[in-house]
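Peer 1: So the sequence lines, in the order shown, correspond to chains A and B.
Read in order, the letters of the first sequence are residues 47 to 269 in our numbering.
Read in order, the letters of the second sequence are residues 35 to 195 in our numbering.
The hints are all genuine.
Only part of the chain A face toward chain B is listed, based on derived beta-carbon distances under 7 Å: (1) Pro-133; (2) Arg-140; (3) Tyr-156; (4) Pro-221; (5) Gly-224; (6) Ile-225; (7) Ala-228; (8) Ser-229; (9) Pro-232; (10) Thr-233; (11) Met-234; (12) Ala-235; (13) Ala-236; (14) Arg-238.
A short list of chain A residues far from chain B (calculated; beta carbon distances all over 10 Å): (15) Ala-136; (16) Ser-163; (17) Val-169; (18) Ala-172; (19) Ala-175; (20) Gly-179; (21) Leu-192; (22) Ala-196; (23) Arg-200; (24) Arg-205; (25) Gly-244.
None of these hints come from the bench; they were simulated from the model.
Note that beta-carbon positions come from the ideal geometry of N, C-alpha and C, so glycine has one too.
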Amino acid sequence: MRLSSIVTASAVGVCLVACVFTYRAARASRRDAAAPPAEAPVAERAAPAPADDEIAHERGEIALLRSEVRSLLAQRAASPATGAPAPSPADDPRVNPEARARFAEKRHAYIAGIESSFRNEAVDPAWSAQTSGVIARALQADGVGLTARAVECRSQSCRVELVDDKPTHDASALPVFGIQVASALPTMAADRVESAGGDATLVLYLSKNRSMRSGASDGADPH
Amino acid sequence: MGTTIGRVLSIASLACALTLIASAAQAQQQINSSGAICAATDNTHVGDIQTNTNGVFNMSTTASRYVTCAVPRTPLNVSSTNASFYLDGTDANSAQTTCILYSYNYTGTLLDSTSVTETAATFDQLMQIPAADAGTFAYISMLCLLPANQNGSVLGITSLP
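Here chain A stands alone, though its shape is the one from the complex (with noise of 0.2 Å):
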């Protein structure tokens, strides 16, 4: 992005430039206006004038820009100050059901692949053994103090099921859990199911390897 800066700092130095030379021309083309017609130097009142047809052309490129012009600035002007698009209230799932129950249903496809992904993953035992370890110590550091209904790793993942009873104020707890298993399991999806009773349970998809989950790096680094 650093780039489309330096770009943009550039086209406005181009356009001040242009700017001045168009300024200056047109100051030009109005002090030949007004000049008395005699004094002209006879080889350039000789000068063919351009043809009705081209300068007709020109006009039409000109007219054309600016309606480019005045339409970008209309659409910018109606954009909300960030540039990107108003969500429409018919895909915003805090005030339309319809597409509260379209976003639920993305995300339960979604959760399901991984899922399915988690299934289909070998086992590793050694390693099963020891994320298992790293886990149960995270769940009981200072800071967490989760409860886990199950913990299940096998050779790149391991799934959670946590009791979801912590309040929200103190929902420092997971975060922290986080941190605390970042450098065994740097990535993390969660899931949250209700039961017919009222009772949560929050289902942790952790993995070891960042590439396991759907779209690969698409950062590019503007630094």
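For this one, chain A is given, so just place chain B on it according to the hints.
Peer 2: Relative to the frame of chain A, chain B by itself:
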């Protein structure tokens, strides 16, 4: 002659304006946040956390401390498969800084996380959360464990569109 040059330059100016408007629209979506956006996670450690204009540091001489940072962002481009962030920071004296990005949906339910542990003197680390877990209505925040004695820092975090 003068009027022909004028026309050509008018066209050039308008073309430049189009380029400028288009590039400005693209550049608006990256958000750079200084580490000064972070605050002590634990209220009892507020006195240990120092936010300077160039980032956030742990002044404790005895223990690592947690800081929590908001991560401002804009909705992802339609073509993005991940929400991407660049974390910048420093380490000194063999200390390590660990940070974890969390994604929550609008109801406060945890969706996803990704973490890094850094020991480099200066680091610029890409962190990504799958687009499926970083939708238009998701919130991103970051928890970092800063080493004692100002031996690590978060200088800032950049959200990409």
